[in-house]
Amino acid sequence: MNNNNILSASNLSIGYATKKEQIVIASNLNLNLQAGKLISLVGANGIGKSTLLRTLCGIQKPISGSVLLNDKDIQRFESLALAQNLSLVLTEKLPPSNLTVFELIALGRQPYTNWLGKLSEEDLEKVHQALQLTQIESLANKKHFEISDGQLQKVLIARALAQDTPLIILDEPTTHLDLLHKVSVFKLLKKLSQETNKCILFSTHDIDLAIQLSDEMIVMTENDVIQDEPCNLISKGVFNRLFKDENIVFENDKGKFIIK
Amino acid sequence: MLKARNTFLFSILSLILIVTLLLNISFGQVAIPLKDVLKSLVGTHASKDTWEYIIVNFRLPKAITAILVGIGLSIAGLLMQTLFRNPLAGPYVLGLSSGSSLGVAFVILGASLVPSVLSKALLSSYGIIVASCLGSLLVMLLVLIVSQRLRDTATILIVGLMFSSFTGAIVSVLTYFSSAEQLQKFTFWSMGNLGNLSWQNIFILLVSVALGLLLSIFSIKSLDALLLGENYAKSLGINLKKSRYIIITATCILAGSITAFAGPIAFVGLAVPHLAKLLFQTSNHKILFCSTLLIGGILMLFCDTISQLPGLDFTLPINAITSIIGAPIVIWLLIRKKNLV
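Each protein sequence line maps, in turn, to chains A and B. So in UniProt numbering, the last spot in the first sequence is 260, and the numbers never skip. So in UniProt numbering, the last spot in the second sequence is 341, and the numbers never skip.
Since the hints were derived computationally from the structure, they do not count as laboratory data. The model shown is predicted, which means the values in this text are computed figures rather than measured ones. C-beta atoms are modelled at their ideal positions from N, C-alpha and C, and glycine is treated no differently. Some clues are possibly wrong.
Cβ pair distances, simulated, as ranges [to be verified]:
1) B:Ile16 to A:Ser148: 37 to 45 Å
2) B:Leu150 to A:Gln129: 37 to 45 Å
3) A:Lys61 to B:Gln148: 13 to 21 Å
4) A:Glu146 to B:Ala327: 25 to 33 Å
5) A:Trp115 to B:Leu334: 29 to 37 Å
The whole structure should be built from the sequences, with the hints applied where relevant.
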């Protein structure tokens with residue numbers, strides 16, 4: 001067993017349990033997410049990416065098997081301890097408020113602050129670090145609704161950084177962004193995983209970008225879920241099984257999808 | 001710089017609160033000079049004994065009630081606006097006050113249906129408070145259950161309105177079967193009144209409001225987390241269920257006890273948090289809590305002063321004044337800001 005494992009799953013089955021039956025979305029999953037790695041999760045719409053992410057975050061219980069975060073079952077974490085080990089960047093829109101960028105990032109310190117949420121010297125230090133790492137110092141005093149979508153995504157990533165957890169999970173952080181900002185968010189994530197030695201897992205539909213920048217990828221197809229390095233996945237021909245449409249073909253040489 | 005601005009605003013607001021308090025006490029059917037107001041407040045005797053009597057037994061209790069009511073309703077509004085992520089939430093809009101009305105209606109109008117020993121207990125101030133709190137709790141729980149199923153916040157407000165209509169209808173049915181005397185008692189209660197409280201009642205109100213405020217202070221951290229939405233709040237280690245219960249309990253104690261003593265008072269809970277947000281340009285609940293407190297006290301004292309303006313030999317119902325002042329404020333805020341936060 002590798003000591004670098006932050007999150008691991010063995011023989012994991014995910015899905016929903018209703019009153020009458022169990023709907024299994026994927027079974028026999030074996031995943032190992034290590035520190036310092038940028039890992040992307042790809043798969044067609046409706047294949048169960050969100051279910052897998054929710055199970056890996058501990059929001060949803062697995063049907064069988066378990067998810068281990070730092071060698072401890074994620075379902076057995078106290079909510080506060082979990083918040084100190086796992087931070088999230090979600091797709092949902094923020095409710096309207098007057099929060100400034102700085103205040104928003106500082107909320108990432110909540111798992112460490114006292115009952116009134118007062119920021120200590122260390123908390124302020126961590127917030128400034130997060131601002132620096134994501135290079136958004138100039139936005140600090142802006143209201144969060146005054147900045148662009150691309151900037152907001154960086155702010156949310158900074159918030160997750162301020163939470164100071166070994167694992168960050170992002171749900172489709174690049175949707176709604178143009179190519180320029182997609183690349184800049186991807187590069188930021190890459191930089192963060194290398195510089196901070198955090199494990200960063202994100203789901204995405206930008207497969208060709210993910211292939212170029214991820215250390216490892218988790219590919220969900222109808223039949224199985226495979227985790228490997230992008231080049232190995234290409235040589236195995238996994239990407240051709242991603243979409244059922246015959247008109248979409250993955251060109252191994254170019255490393256991207258071609259429409260016939 | 002920002003801190004300096006906040007300190008400045010807080011000092012100004014405190015000053016305004018003191019001035020409004022003094023004006024409120026000196027105005028009324030009998031005008032009392034400010035000098036004598038100050039004299040009787042600090043304990044030395046006023047020029048006339050009657051003035052001192054009026055101040056100690058009528059004006060001061062009423063002013064304190066006004067402050068407590070303003071503070072309590074405004075904080076309840078602040079809590080609900082963040083909890084429901086809806087700028088239009090407030091104890092009145094969401095039907096909490098109607099819930100209280102229903103509880104009080106059952107007690108005042110239904111007391112004759114139960115044995116006299118029981119009816120005496122029910123009609124005591126404690127009975128009315130308990131009924132009022134239970135009424136608002138009932139509506140709050142219903143609104144909360146519905147809001148779990150409906151993600152759309154606008155719908156929650158419509159549900160709140162429906163609850164208001166529903167409880168209103170039941171109150172109508174009750175009034176149909178009650179005597180003229182009971183009806184009069186209930187009507188006076190529903191117009192709102194800050195003046196009828198004895199010192200003992202004020203003490204009960206003070207304890208209830210203090211308890212509600214204490215619970216609110218303990219909710220400040222989770223309220224801040226809720227600014228990011230429930231899922232983020234959860235991911236920050238906030239125990240959502242517990243926080244929600246505390247916030248709801250605080251709101252019910254505040255809205256319930258105040259409505260019991262002062263009647264259903266509209267718009268204060270809705271308008272004051274927005275004035276605070278507008279003035280301080282922040283969503284930080286530590287700052288909002290303090291500013292809402294001050295502005296709530298000021299606005300209620302101001303409304304009460306208007307309801308008993310010198311030259312009028314009668315007192316207007318406070319509920320009418322808060323609506324006349326509060327409704328335009330909300331409309332003005334909507335037009336001015338385009339989007340409320």
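Each hint, compared with the structure:
{"no.": "1", "hint": "B:Ile16 to A:Ser148: 37 to 45 Å", "in the structure": "holds (40 Å)"}
{"no.": "2", "hint": "B:Leu150 to A:Gln129: 37 to 45 Å", "in the structure": "holds (40 Å)"}
{"no.": "3", "hint": "A:Lys61 to B:Gln148: 13 to 21 Å", "in the structure": "holds (20 Å)"}
{"no.": "4", "hint": "A:Glu146 to B:Ala327: 25 to 33 Å", "in the structure": "holds (30 Å)"}
{"no.": "5", "hint": "A:Trp115 to B:Leu334: 29 to 37 Å", "in the structure": "holds (35 Å)"}
Violation of the numbered hints given earlier is absent; every hint is satisfied by the structure.
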